[in-house]
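Protein chains in written order, with the numbering used here: chain A, 1 to 387; chain B, 1 to 387.
The set of hints was computed from the structure by calculation and includes no laboratory data.
Computed from a predicted model, the values in this text were never measured in an experiment.
All residues carry an ideal CB built from backbone N, CA and C; glycine is no exception.
A couple of the hints might just be wrong.
[Said to hold, decoys possible] Across the chosen pairs, the derived CB separations fall in these ranges:
id	chain 1	residue 1	chain 2	residue 2	range
1	A	320	B	334	35 to 45 Å
2	B	165	A	44	39 to 49 Å
3	A	323	B	387	36 to 46 Å
Single-letter residue listing:
Protein chains: 2
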Amino acid sequence: MNSFVFHNPTKIIFGRDTASQVGEETAAWAAKVLLVYGQSSIKQSGLYDRTLAALKKAGVAVVEHGGVRPNPVLSHVREGVKRAKSEKVEAVLAVGGGSVLDSAKAIAAGARTDADVWDLFIGKAKLEAALPVIDILTVPATGSEMNGSAVVTNEETRQKYGFGGAPLYPKVSILDPALTLTIPRDYSAYAAVDAISHLLEGYFTGADEGVPLQDRLVESTVRTIMESIEAIQKNPKDYEARATFMWCATLAWNGLLTAGIGGFGAPSHMLEHPLSALYDIPHGAGLSITIPAWMKYAAGKGNRKVVQFAERIFGITAGSPADKARKGIEALEAWFRKIGSPVRFGEAEIPAGDIPKIAALARDLAEAWALNDYSEQIIAGIYRDCV
Amino acid sequence: MNSFVFHNPTKIIFGRDTASQVGEETAAWAAKVLLVYGQSSIKQSGLYDRTLAALKKAGVAVVEHGGVRPNPVLSHVREGVKRAKSEKVEAVLAVGGGSVLDSAKAIAAGARTDADVWDLFIGKAKLEAALPVIDILTVPATGSEMNGSAVVTNEETRQKYGFGGAPLYPKVSILDPALTLTIPRDYSAYAAVDAISHLLEGYFTGADEGVPLQDRLVESTVRTIMESIEAIQKNPKDYEARATFMWCATLAWNGLLTAGIGGFGAPSHMLEHPLSALYDIPHGAGLSITIPAWMKYAAGKGNRKVVQFAERIFGITAGSPADKARKGIEALEAWFRKIGSPVRFGEAEIPAGDIPKIAALARDLAEAWALNDYSEQIIAGIYRDCV
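All chains, please: the whole structure from these sequences, using the hints.
Below, the structure written as structure tokens:
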């Protein structure tokens, strides 16, 4: 096992009707808060009103910053930073899914630096501090509720970049599975793909191959996600399945399951980011295309863990390692299709002719993320397997 | 899944040669520290000298409080509290195994209250604050390095009691698997039993039976502990196996694997504490006796998870649920014997005639821990299965 530091100080409050605790939890950090949220859904569900009432009761003043959209954009973050500074808020409260949380985190960091907030994403400025972030999560998928990173798209450059560090861990994350009962079938699928992708990036690319504990924990979580999403798609109001999935998605990307595995990359994310940045498709929908394509590439390079995945997740035990890998990838593609997430460019209306443009963006990201093995040629080759 | 709050702020520094970081990590919390340690082993290994040198280099003044013994005793904790107060130390640094860590935590809490420290254990005083605790762990087993509890024996009353709360989570725990390479064969076995016991208490007794994620994570960790201890007993210098076991033992009792399972008890611990308190046997050696005996009792009451354990850990799939449970318990006993941990009173030189005395102590603990189903008769019955 490799050396590591694990330090995750986020307080998780999990369960039915926990959202009502947002007043006291926020008041412990701030007397005035920037409330970041998305479109109309939290107003329709009544969560918006209940949140405002809880904050008022706890004596917390609110400055609003709604309108975050899926694949959140830099311009909206910049406006939030401006508002947070001019209104002198003491914390940022995110109510929504991963896009809202990531925007809130970026705003929280931008509010504590004189640099332009985008400089934090591209490494021109260093993350030193951030306002405290508190959140009520409504869409489990990204794991943002228990990690220190944020991903935002610069809509001018079409760069979908991330940054992170200790100041960005939420102080408190409130996870009420009942809030997720209305997530539609397709978005439940995309969320499952996203959470699985987080588990698989470290599993497939960790520098240390001798991590039996981490392997088993990842496999356990993948299997439970698959099981719970199938139950959710059968009965969207299945609270138990929603709760199980919600906690799986949090653990999938909170640092625990990559601790000790050594340096690892996120090639499937590197390949996906240009897709959601260019075509505004859901992140999970892009990942169900790039994960199998990347796995074919990795299997071709002899990646042992792709074989182990086939064996342990899909019970494929017959054949050569290459056969098993192929069958495992086919099984994963079939499962993505079954839950309704695309596995080819055509299914997401991505033109094959755009591959050069997409590959150029991915190559920039590969460079930013030190994925040094990925030339533009290799990347374009993987994308051709997505057609 | 049940509602829960999960908040574990301990910073883990894991890996080879990490002990040298103790100076800077301690200096971040204190200019003067109480150094708590056990007997001669850290002096023989050189860790004592290296720790003092690192603290000196970081400008941290040291007050020593050595001499903690296995099954740590209250009188030594009381002396530590006195010393911490009179010397006005700002933190407590534990260098050792679970006994040292638990003593250090109790001292840290005792130093911040006017009540007698034992009052915290028996619920007469409330844990409000504690000095910061930092540690270098040398014997993985109890999980104390990443949780908020401490267990100490009152040698006057023979009560082995625990207490805990947020202030007791170590600020920093340094885990260097290389420090564990010299743990003897029998103590490696007892450590494995202890870690497994932590996993099984919640698994078998959690109020919520519908926790597929937690079940799988527990099973994964149990299997990895079994595998790694077998490797360690084959080759005690196997760094990878030592590292894997060390991290398993930490995760086994840090709150993560019981989050969401609802109220749970620790009956195997309730049954064990009187054994180590009365006969001064290693805690793990007592647990390998009480766990199978308790499992027989639970299987008799129809505990479904004992059957699942037999199926998933030992691959026992044939027979009725009762058959499977029996075979699973036999397989676990055989495995405890194989690694060299006792499974019957006689193997640990505990006189069967003492059962009334032992049962009376256990009954007190059952009351303190609200294990209300356990009358003295039931407890004595389980102990009779240990003979």
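Here is how each hint holds up against the structure:
With their beta carbons about 36 Å apart, residue 320 of chain A and residue 334 of chain B fall inside the hinted range of 35 to 45 Å. For the pair residue 165 of chain B and residue 44 of chain A, the beta carbons lie near 41 Å from each other, so the given range of 39 to 49 Å is met. A C-beta distance of roughly 55 Å is found between residue 323 of chain A and residue 387 of chain B, which places it outside the suggested range of 36 to 46 Å.
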